[in-house]
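For the sequence shown, counting from 1, position 404 maps to 403 in numbering that gives the first Met the number 0; every step adds exactly one.
Since the hints were made in silico from the structure, they are not lab data. The structure presented is a predicted model; accordingly, all values stated were derived computationally and were not measured. Possibly wrong hints are sitting among the right ones.
To be verified - In silico DSSO-like pairs for lysine-lysine, Cα to Cα no more than 30 Å straight-line:
1. LYS200 / LYS285
2. LYS468 / LYS364
3. LYS242 / LYS369
4. LYS234 / LYS101
5. LYS182 / LYS456
6. LYS136 / LYS118
7. LYS321 / LYS364
8. LYS357 / LYS432
9. LYS118 / LYS239
10. LYS234 / LYS245
11. LYS432 / LYS298
12. LYS136 / LYS328
13. LYS285 / LYS425
14. LYS118 / LYS328
15. LYS234 / LYS369
16. LYS101 / LYS245
17. LYS136 / LYS395
18. LYS118 / LYS101
19. LYS242 / LYS200
20. LYS317 / LYS357
21. LYS136 / LYS364
22. LYS357 / LYS242
23. LYS101 / LYS317
24. LYS432 / LYS369
25. LYS432 / LYS101
26. LYS242 / LYS285
27. LYS468 / LYS118
28. LYS456 / LYS395
29. LYS239 / LYS357
30. LYS239 / LYS298
31. LYS317 / LYS269
32. LYS242 / LYS317
33. LYS298 / LYS234
34. LYS321 / LYS357
35. LYS245 / LYS357
36. LYS200 / LYS269
37. LYS285 / LYS456
Stated by the list, open to error - Ranges of calculated distance between the beta carbons of each label pair, as one might list FRET restraints:
38. VAL310 / ASN360: 21 to 31 Å
39. VAL241 / GLN282: 42 to 52 Å
40. PRO202 / ILE427: 15 to 25 Å
Virtual Cβ for every residue (Gly too), placed ideally from N, Cα, C.
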Amino acid sequence: MGITLSRYEAWGKTVERVPLLGPVVGPIWLELVPALLTSLMVQGVSGTVKQIGAQWWGIPPPPRPKSLPAAPATCEVSPAVENHEVPEDTVVVTKPTDDSCKNIVIIGGSVTGIAATLKIRFGCPLPANYRVIIIEKHTHMHYMFAFPRASVIPGFENELFVPYDRLFTTPAEGAVVHASATKLTHTHVELDRHVPGFGTKIPYEYLIYGAGARHPKPGCLSDEITKDDGINVLKGFQEKIVKSTKVLIIGGGAVGLELAAEIKEHYPEKTVTLVHSRPQYLQSYKYGLHEKSYAILNKFGVNQILGDRVVLPEGGFKDDGKMTITCTKQGREIESDLQILCTGMTPNSGLLAGLSPKSINPESKYVRIKDTMQIDDDEFPNIFAAGDVTDSTDIKTGVSAFAHAHLAIDNVVRMINGLAEGKERKDIELVHKDPVMPQILLYLGSSQGVAQVAHNKFLYTASSWFVRKFFSYNVNAGRAWEWANMPLTEATVNL
Numbered sequence: 000m001g002i003t004l005s006r007y008e009a010w011g012k013t014v015e016r017v018p019l020l021g022p023v024v025g026p027i028w029l030e031l032v033p034a035l036l037t038s039l040m041v042q043g044v045s046g047t048v049k050q051i052g053a054q055w056w057g058i059p060p061p062p063r064p065k066s067l068p069a070a071p072a073t074c075e076v077s078p079a080v081e082n083h084e085v086p087e088d089t090v091v092v093t094k095p096t097d098d099s100c101k102n103i104v105i106i107g108g109s110v111t112g113i114a115a116t117l118k119i120r121f122g123c124p125l126p127a128n129y130r131v132i133i134i135e136k137h138t139h140m141h142y143m144f145a146f147p148r149a150s151v152i153p154g155f156e157n158e159l160f161v162p163y164d165r166l167f168t169t170p171a172e173g174a175v176v177h178a179s180a181t182k183l184t185h186t187h188v189e190l191d192r193h194v195p196g197f198g199t200k201i202p203y204e205y206l207i208y209g210a211g212a213r214h215p216k217p218g219c220l221s222d223e224i225t226k227d228d229g230i231n232v233l234k235g236f237q238e239k240i241v242k243s244t245k246v247l248i249i250g251g252g253a254v255g256l257e258l259a260a261e262i263k264e265h266y267p268e269k270t271v272t273l274v275h276s277r278p279q280y281l282q283s284y285k286y287g288l289h290e291k292s293y294a295i296l297n298k299f300g301v302n303q304i305l306g307d308r309v310v311l312p313e314g315g316f317k318d319d320g321k322m323t324i325t326c327t328k329q330g331r332e333i334e335s336d337l338q339i340l341c342t343g344m345t346p347n348s349g350l351l352a353g354l355s356p357k358s359i360n361p362e363s364k365y366v367r368i369k370d371t372m373q374i375d376d377d378e379f380p381n382i383f384a385a386g387d388v389t390d391s392t393d394i395k396t397g398v399s400a401f402a403h404a405h406l407a408i409d410n411v412v413r414m415i416n417g418l419a420e421g422k423e424r425k426d427i428e429l430v431h432k433d434p435v436m437p438q439i440l441l442y443l444g445s446s447q448g449v450a451q452v453a454h455n456k457f458l459y460t461a462s463s464w465f466v467r468k469f470f471s472y473n474v475n476a477g478r479a480w481e482w483a484n485m486p487l488t489e490a491t492v493n494l
């Protein structure tokens with residue numbers, strides 16, 4: 000079917016070159032036929048027919064509801080969270096009381112921590128007397144997939160920060176510790192503060208390092224510890240965009256593309272310029288994803304400059320709202336009164352480097368891993384790494400982080416069980432990682448989007464016709480609340 004789809008795309012380009020009729024029929028062919036085939040392969044005949052009906056009768060994506068559902072009677076939260084208390088020192092969301100428990104410590108409560116917890120909950124239960132301890136400095140899980148939209152459109156920021164209060168349902172399952180890890184040793188993690196029930200050190204039998212990477216704001220809010228801090232940053236970007244007349248976005252990755260589309264759709268009178276250093280967007284994906292993204296932004300009226308680099312001013316942009324001229328490597332001069340940097344990723348590997356410098360790539364600073372997700376240092380077979388911090392060929396997305404975390408916790412459990420059965424560590428059969436197929440879904444405004452999806456080990460690109468059914472005003476933030484075992488309701492949304 001992948002060959003068939005490619006042939007149709009090739010035929011469509013041929014049709015497009017036919018005089019007079021080609022420019023009209025070609026684009027329709029290129030859009031409709033691949034989308035129809037992709038839909039049939041991924042969601043079947045029934046799902047495709049339903050979607051055709053929705054498109055035919057013009058059913059739009061679901062709008063933001065006037066109010067969220069009321070809390071169910073079974074929804075209980077801790078008094079501290081219910082009273083909106085921000086901890087002055089630290090909070091253990093669920094404090095284990097059994098000192099005989101052995102700890103599987105996860106550094107980072109974002110996608111890696113959440114994915115490992117979900118794997119344990121739904122398919123890989125821990126052996127007796129083991130529990131998970133997640134060390135996470137943020138008071139709430141950041142649903143960063145929606146940050147580009149929330150930087151432009153107000154009204155749903157509080158839905159993007161999810162409390163960890165119910166991630167673990169019993170003390171035996173584990174805890175989320177709100178603190179920063181300052182040092183790793185062979186046996187324990189040292190914290191930046193005293194934590195009730197633990198002190199300043201947390202011992203571990205196994206450790207999964209999922210500290211992630213730093214991205215520029217608003218794509219990632221690494222330094223914003225509380226929910227209010229994060230919301231204030233998003234609202235700050237909203238205000239800057241409202242006041243601006245000419246916006247310069249530097250970097251055409253997922254965040255840059257989505258941000259450019261959101262700004263231009265909601266403020267069509269503003270000039271939006273997107274500069275990307277490569278000759279195409281999303282170069283790690285199929286070329287069709289670039290073509291579709293470029294076409295959508297072009298329709299919005301975004302000025303797109305590819306294959307050129309912005310010369311960043313020494314000390315960075317002033318961010319004072321004043322009109323300024325920014326130069327590029329090729330000599331272009333771009334006038335703007337708001338500059339948003341959407342490029343660059345710095346792995347948070349320093350903590351692990353102090354314990355295992357051998358496992359750190361000296362050039363990129365990413366964590367070297369084996370295909371079992373163990374760090375590439377035989378001195379530490381009980382330490383794993385997952386997600387954006389890893390030196391992996393997998394594209395750094397939530398899809399990859401989920402796959403890494405699932406494999407890591409699976410192998411941790413295999414090691415525990417194998418040792419309990421009296422096996423030598425070297426004789427324990429672990430699962431080896433396959434490359435994670437590069438999949439992505441981009442929201443390019445409220446009703447446009449592109450995606451790369453996998454089906455039967457083939458990759459397909461699809462645009463708005465296929466991906467629109469996944470649209471929601473908050474970029475499906477409700478799923479993050481489900482991950483955290485907390486319903487998104489009027490009673491919980493402001494916790």
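Consistency of the hints with the structure:
Among the hinted pairs, LYS200 with LYS285 is inconsistent with the structure: their alpha-carbon atoms are about 46 Å apart, more than 30 Å. For the proposed pair LYS468 and LYS364, the alpha carbon gap of about 39 Å is over 30 Å, so the pair is violated. Of the supplied pair hints, the one linking LYS242 and LYS369 is violated, its CA atoms being roughly 49 Å apart against a limit of 30 Å. Of the pairs offered as hints, the one joining LYS234 and LYS101 is violated, with about 42 Å between alpha carbons and a cut-off of 30 Å exceeded.
The straight-line distance between the Cα atoms of LYS182 and LYS456 is roughly 41 Å, outside the 30 Å bound, and the hint therefore fails. With a C-alpha separation of about 22 Å, the suggested pair LYS136 and LYS118 falls inside the 30 Å cut-off, and the hint holds. Proximity of LYS321 to LYS364 is assessed by CA-CA distance (about 36 Å); at most 30 Å being required, the pair is judged violated. A distance of roughly 21 Å separates the Cα atoms of LYS357 and LYS432; the hinted pair therefore holds under the 30 Å criterion.
A hinted pair counts as satisfied when its Cα atoms are at most 30 Å apart, and LYS118 with LYS239 does not qualify at roughly 40 Å. At roughly 19 Å between alpha-carbon atoms, LYS234 and LYS245 fall within 30 Å of each other, so this suggested pair holds. For the given pair, LYS432 sits about 41 Å from LYS298 by alpha-carbon distance, which is inconsistent with the 30 Å threshold. For a cut-off of 30 Å, the pair hint linking LYS136 to LYS328 is broken: about 39 Å separates their Cα positions.
Taken as a hint, the LYS285 and LYS425 pair is broken in the structure, with Cα atoms around 39 Å apart against an allowance of 30 Å. For the proposed pair LYS118 and LYS328, the alpha carbon gap of about 47 Å is over 30 Å, so the pair is violated. For the hint linking LYS234 to LYS369, the alpha-carbon distance of about 41 Å lies beyond 30 Å, and the restraint is violated. Pair hint LYS101 plus LYS245 does not hold up; C-alpha atoms about 56 Å apart against a cutoff of 30 Å.
Restraint check for LYS136 and LYS395: satisfied, since their Cα atoms lie roughly 22 Å apart, inside the 30 Å limit. Proposed proximity of LYS118 and LYS101 is supported: the alpha carbons are some 19 Å apart, at most 30 Å. Proposed proximity of LYS242 and LYS200 is contradicted: the alpha carbons are some 47 Å apart, above 30 Å. Simply put, LYS317 and LYS357 have alpha-carbon atoms about 39 Å apart, too far for the 30 Å limit, and the pair is violated.
Between LYS136 and LYS364 the CA atoms are separated by roughly 22 Å; this keeps the pair inside 30 Å, and the hint holds. Of the pairs offered as hints, the one joining LYS357 and LYS242 is violated, with about 49 Å between alpha carbons and a cut-off of 30 Å exceeded. Distance check on the hinted pair: LYS101 and LYS317 sit about 50 Å apart at the alpha-carbon level, beyond 30 Å; violated. Taking the CA atoms of LYS432 and LYS369, the gap is near 9 Å; set against the 30 Å cutoff, the hint holds.
Distance restraint check for LYS432 and LYS101: the Cα-Cα separation of roughly 26 Å lies within the 30 Å cut-off, and the hinted pair is therefore satisfied. This hinted pair does not check out: LYS242 and LYS285 have alpha carbons roughly 37 Å apart, beyond 30 Å. Of the pairs offered as hints, the one joining LYS468 and LYS118 holds, with about 27 Å between alpha carbons and a cut-off of 30 Å not exceeded. Between LYS456 and LYS395, the direct Cα distance comes to roughly 19 Å. Compliance with the 30 Å bound is thereby established for this hinted pair.
Distance check on the hinted pair: LYS239 and LYS357 sit about 44 Å apart at the alpha-carbon level, beyond 30 Å; violated. The straight-line distance between the Cα atoms of LYS239 and LYS298 is roughly 24 Å, inside the 30 Å bound, and the hint therefore holds. In summary, the hint linking LYS317 to LYS269 is supported, as the alpha carbons are separated by about 20 Å, within the 30 Å threshold. A hinted pair counts as satisfied when its Cα atoms are at most 30 Å apart, and LYS242 with LYS317 qualifies at roughly 15 Å.
For the suggested pair LYS298 and LYS234, the alpha carbons sit about 27 Å apart, so the restraint of at most 30 Å is met. Between LYS321 and LYS357 the alpha-carbon distance is near 47 Å, which puts this suggested pair outside the 30 Å criterion. Between LYS245 and LYS357 the CA atoms are separated by roughly 47 Å; this puts the pair beyond 30 Å, and the hint is violated. Distance check on the hinted pair: LYS200 and LYS269 sit about 52 Å apart at the alpha-carbon level, beyond 30 Å; violated.
For the proposed pair LYS285 and LYS456, the alpha carbon gap of about 14 Å is at most 30 Å, so the pair holds. Checked against the given bound of 21 to 31 Å, the beta carbons of VAL310 and ASN360, roughly 28 Å apart, stay inside it. Evaluation of the 42 to 52 Å hint for VAL241 and GLN282 yields a failure: the beta carbon distance comes to about 33 Å. Distance hint check: the CB atoms of PRO202 and ILE427 are about 22 Å apart, consistent with the given range 15 to 25 Å.
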